[in-house]
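**Student:** The lines below spell out each chain.
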Amino acid sequence: MKSFIVFSATGILVMAGCGDDSAKTPADVAVSVDAEGDTTAETDVAADVVEVVPEGPLARIFPLDPIHSESTVLVGLKNLAVPPTRLEGSFARVRSCTPDLDRGAKNTFNFQGGSIDTVSCIPEFKAQAVDGNFLHIEPPATPADDNGAFAELTMYHHMSVVHSYYSDFYGIKDRDHSLDAITNISTWTSSCDAWTPWTNAAYVPREGLDYVMLGLSLSDTLGDAIVFSGTAARNFAFDTTVIYHEYTHAILGATRLSGVFLDDQGFNNLPGALNEAYADYFSGTLTEQATVGQYALNDIAAADFCGAAAADEPLENLARDMTAVRRCPDDLVAEVHADSEIFSSALWAMRESLGKLHADSIAIYAVLQLTEESDFGVAAMATIEAARDILGDEKAAQVAGFFEERNLIACERTVPVASVGARELSLRHEGTRVFGDSNPFPGYTPGYMQYEMMVPEGTTRATITIGAQSGFGGPATVDIEGAFKFGGAIRYDLGQTVGGATHDAELTVFSNGNTLKMQNASGAVLRAGRWAMAIHNRSSRTLRVVSMDIVFE
Amino acid sequence: MRIFALPLWAPMLAGLLLSPGGANAAPPGSPVGGSGAVTVTPVAGTVLARFGPGVRASFDPSGQYLRQAFGLSEAAAGADAGSRALVFAAKHADLLAQGAGFMLLDVKSPTLRGPNGVVRRDIVRLGHTLRGIPVEGRVTTVTLNGEGRVISFATDAMGHGTPNATTPTLDAAGASRVVETAYRVRALPQNATLVLMPSVGRGASSRLAWKVPTVAIALVAHFWVWIDAVDGRVLKHGPMGPDQGLLTIPAHSAETR
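Heads up: the protein sequence lines correspond to chains A and B, in order. Taking the numbering used here, the leading residue of the first sequence gets 33, the next gets one more, and so forth. Taking the numbering used here, the leading residue of the second sequence gets 403, the next gets one more, and so forth.
Treat the hints as calculated values from the structure; they're not laboratory data. Positions of the beta carbon are idealized from the N, C-alpha and C atoms, including for glycine. Hints are supplied without guarantee of correctness; some may be wrong.
[Unchecked claim] The following residues of chain B were derived to be distant from chain A, with all beta-carbon distances above 12 angstroms: (1) Pro444; (2) Gly447; (3) Gly454; (4) Pro455; (5) Ala478; (6) Ala479; (7) Ala481; (8) Val489; (9) Gly501; (10) Gly503; (11) Pro570; (12) Gly576.
[As the list claims (entries may be wrong)] Calculated pairs, DMTMM-like style, for lysine to aspartate or glutamate (alpha carbon to alpha carbon, straight line, at most 20 angstroms): (13) A:Lys205 <-> B:Asp482; (14) B:Lys638 <-> B:Glu549; (15) B:Lys638 <-> A:Asp295; (16) A:Lys388 <-> A:Glu444.
[As the list claims (entries may be wrong)] The following label-pair restraints were derived from C-beta to C-beta distances: (17) B:Arg551 <-> A:Gly387: 54 to 60 angstroms; (18) A:Phe157 <-> B:Ala575: 33 to 39 angstroms; (19) B:Gly519 <-> A:Ala176: 29 to 35 angstroms.
All chains, full assembly: derive it from the sequences and hints.
**Tutor:** Right under this line is the structure:
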């Protein structure tokens with residue numbers, strides 16, 4: 033009888049046979065083992081499983097997260113140093129951050145009109161083995177009881193799982209070292225005299241951690257790190273999908289898909305969106321979850337700072353669902369996580385069509401070929417060609433269909449005005465200070481995307497009213513110009529010198545307020561049909577467009 | 403992005419001009435030719451001539467720069483995948499990097515699963531260099547098959563111009579002081595590296611710059627700042643890694659995403 037070793041998100045090795053349907057386990061990758069012990073890959077294994085007693089120091093963790101897992105499960109912690117005392121092993125070293133005003137590094141954080149003093153927390157090993165196991169560490173009953181030990185356990189185990197997925201199964205050896213992870217990060221701030229978590233988790237390159245002079249206890253970090261904070265109620269390190277997402281960022285590294293570059297439509301930040309799309313895809317495929325961040329990102333307090341909500345809505349659902357229908361350019365907002373959903377949904381559709389094993393192979397093959405400045409079109413083509421190379425022309429055509437459905441192959445970044453605000457997200461326009469003296473445009477910064485409107489017959493003037501914010505949700509300092517062109521996106525010519533860039537807009541109007549009036553100087557009727565509008569931010573500050581209304585006269 | 407010579411996508415491309423100013427007619431074998439609407443830019447013509455009619459390629463929206471090509475089968479000398487990729491890239495440096503040099507960043511040999519078992523591919527990542535100095539944000543990847551032949555590549559081939567200098571006037575400590583003054587944060591000179599910021603204009607020179615890491619809030623907000631190594635101007639700043647909440651250094655205004 034053929035048997036299967038199932039590589040699951042719990043990291044439990046199970047033997048699967050045929051016939052009994054009583055206990056199925058979600059499997060990310062299945063490897064069939066023949067009589068000689070050779071392994072070949074299989075997909076879509078639907079077989080019964082029998083739990084094998086895990087090897088290694090034992091612990092109990094949530095397979096997915098505290099809400100969506102029925103209970104904790106028993107796991108063996110792999111590759112720990114011998115004898116096991118703390119969560120430090122061949123492929124992961126996990127600490128949680130201790131809030132300590134006396135020992136923490138102190139900083140003064142200057143900004144216009146004032147300053148805030150901050151104190152950083154101190155990474156320390158909290159989880160300690162007892163009799164060689166970690167079974168005494170249980171999920172904290174309340175957030176106040178969270179001393180970091182359970183987060184460390186969860187982190188260590190899932191880092192072992194995802195490391196094995198990339199290294200053992202797919203041969204990607206970049207993280208065959210003890211990658212640092214730090215959980216429970218919080219910062220003391222003088223503005224509220226309290227330790228404040230950050231609603232975030234992140235991958236941080238080595239250079240960001242090597243700040244001995246700041247007094248951080250990070251001089252012993254071994255290289256890059258993945259770091260996790262959360263909200264007052266939810267520790268992001270408890271969410272397996274977030275762990276796999278950040279680990280995938282670490283796999284991709286700091287010099288792939290991190291570029292923001294200029295093309296003939298303005299600034300292009302889609303490489304960052306791709307970085308997020310792949311982080312979500314691999315997190316999802318490994319956990320069998322189409323939605324990433326259901327625990328960490330749903331029902332969270334809205335972007336609070338020092339305990340004060342910075343938005344009217346008390347709850348937000350920000351988990352990213354890869355089955356949601358997204359399309360370019362309609363769903364672009366220039367925020368990389370939100371924009372990533374357009375691409376990750378195509379990858380997920382590919383997975384549903386081809387099966388996880390082949391889809392994962394294609395996605396890995398494609399992403400490794402991408403560069404700093406690859407955008408949606410380049411990544412789509414790389415994926416289609418990867419499918420052709422591995423599976424042939426027919427499957428490549430099928431994969432191409434997923435990208436065509438979302439207009440990802442040759443998307444012009446002109447967002448329909450009607451789509452502005454539809455996702456309840458602002459559209460970001462950088463100020464002049466971000467790109468500094470590398471900006472070739474004279475006195476303004478073009479956006480990551482343009483806008484599109486349909487001008488009706490007989491129109492002599494279009495008045496565009498822009499709802500905008502900047503800073504911590506406050507009113508914007510608006511100093512913009514609107515550039516208008518009939519028929520298609522405004523094209524930029526980067527020119528010969530810094531400051532010498534030009535564009536081919538037909539009409540350009542300036543505004544220090546929230547309205548732009550598009551009209552011919554002669555008062556003649558505007559051509560009816562599709563017009564593109566580019567917002568050129570002349571302010572140093574970032575402008576965030578939250579709404580846009582047009583009146584045609 | 404515009405694409406040519408791709409049978410799979412030909413229907414979608416009907417009527418798409420590869421370059422309004424392109425001088426050459428579509429070459430033989432181009433499936434998008436024949437309508438009279440499609441012209442091929444000089445660089446596209448070069449790609450076809452060099453790699454054959456089976457090549458499938460894409461270009462930047464202006465049609466001036468090659469971004470990726472597939473369907474190749476080119477031998478390259480070398481003892482391993484990395485050296486073969488370097489030989490290939492150097493041979494085609496005009497197309498891949500506007501004449502820049504290359505340095506080996508890494509080689510990946512993923513275990514890819516197809517219907518007939520494992521598919522062996524080596525994917526080599528090369529950084530661009532000018533006069534031995536790394537060009538910031540410019541990378542080429544070269545993919546080789548199991549026989550060691552180059553089958554595809556992708557590249558950040560946008561222009562980078564001539565370096566304005568190869569020796570800094572400002573040292574790393576000076577660059578760090580510029581960062582500290584400009585943003586009121588601390589910066590460590592020992593972690594600064596010398597790079598060339600590629601030109602953003604068609605003919606502008608690349609600028610020698612110090613890439614200085616800095617931290618606004620430890621473990622929370624980490625940034626790169628690029629300082630002109632000749633005149634000390636701030637060229638650009640940006641978050642050090644993905645998922646960071648703060649996208650700009652909040653030195654003079656507090657901003658979050």
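**Student:** A separate judgement is required for each hint: does it hold in the structure or not?
**Tutor:** Tested hints:
With a minimum CB-CB distance of about 17 angstroms to chain A, Pro444 (chain B) clears the 12 angstroms threshold, and the non-interface call stands. In this structure Gly447 (chain B) is separated from chain A by more than 12 angstroms, as the shortest Cβ-Cβ distance comes to about 20 angstroms. Every Cβ of chain A is farther than 12 angstroms from the Cβ of Gly454 (chain B); the closest lies at roughly 16 angstroms, confirming the non-interface assignment. For Pro455 (chain B), the non-interface assignment is confirmed: its Cβ lies about 17 angstroms from the closest Cβ of chain A, beyond the 12 angstroms cut-off.
Under the 12 angstroms C-beta cut-off, the non-interface status given to Ala478 (chain B) relative to chain A holds; the minimum distance is some 17 angstroms. Taking the minimum C-beta to C-beta distance to chain A, about 22 angstroms, the non-interface status of Ala479 (chain B) holds against the 12 angstroms cut. The claim that Ala481 (chain B) is not at the interface with chain A holds, since no C-beta of that chain comes within 12 angstroms of its own (minimum 20 angstroms). Look at Val489 (chain B): its CB is around 19 angstroms from the nearest CB on chain A, clear of 12 angstroms, so calling it non-interface holds up.
No beta-carbon of chain A comes within 12 angstroms of the beta-carbon of Gly501 (chain B); the shortest separation is about 17 angstroms. Against the 12 angstroms criterion, Gly503 (chain B) stays outside the reach of chain A, whose nearest CB is about 16 angstroms from its own CB. Residue-level check passed: Pro570 (chain B) sits 16 angstroms from the nearest beta carbon of chain A, beyond 12 angstroms. Separation of Gly576 (chain B) from chain A is adequate, the least Cβ-Cβ distance of about 17 angstroms exceeding the 12 angstroms criterion.
Taking the CA atoms of Lys205 (chain A) and Asp482 (chain B), the gap is about 18 angstroms. The hint holds against a cut of 20 angstroms. Taking the CA atoms of Lys638 (chain B) and Glu549 (chain B), the gap is near 43 angstroms; set against the 20 angstroms cutoff, the hint is violated. Proximity of Lys638 (chain B) to Asp295 (chain A) is assessed by CA-CA distance (about 17 angstroms); at most 20 angstroms being required, the pair is judged to hold. Taken as a hint, the Lys388 (chain A) and Glu444 (chain A) pair is broken in the structure, with Cα atoms around 30 angstroms apart against an allowance of 20 angstroms.
Judged by the Cβ atoms, the range 54 to 60 angstroms given for Arg551 (chain B) and Gly387 (chain A) is violated: they are separated by roughly 29 angstroms. Checking the proposed 33 to 39 angstroms range against Phe157 (chain A) and Ala575 (chain B) shows it holds: the Cβ atoms sit about 36 angstroms from each other. Between Gly519 (chain B) and Ala176 (chain A) the beta carbon distance is about 53 angstroms. The supplied range of 29 to 35 angstroms is therefore violated.
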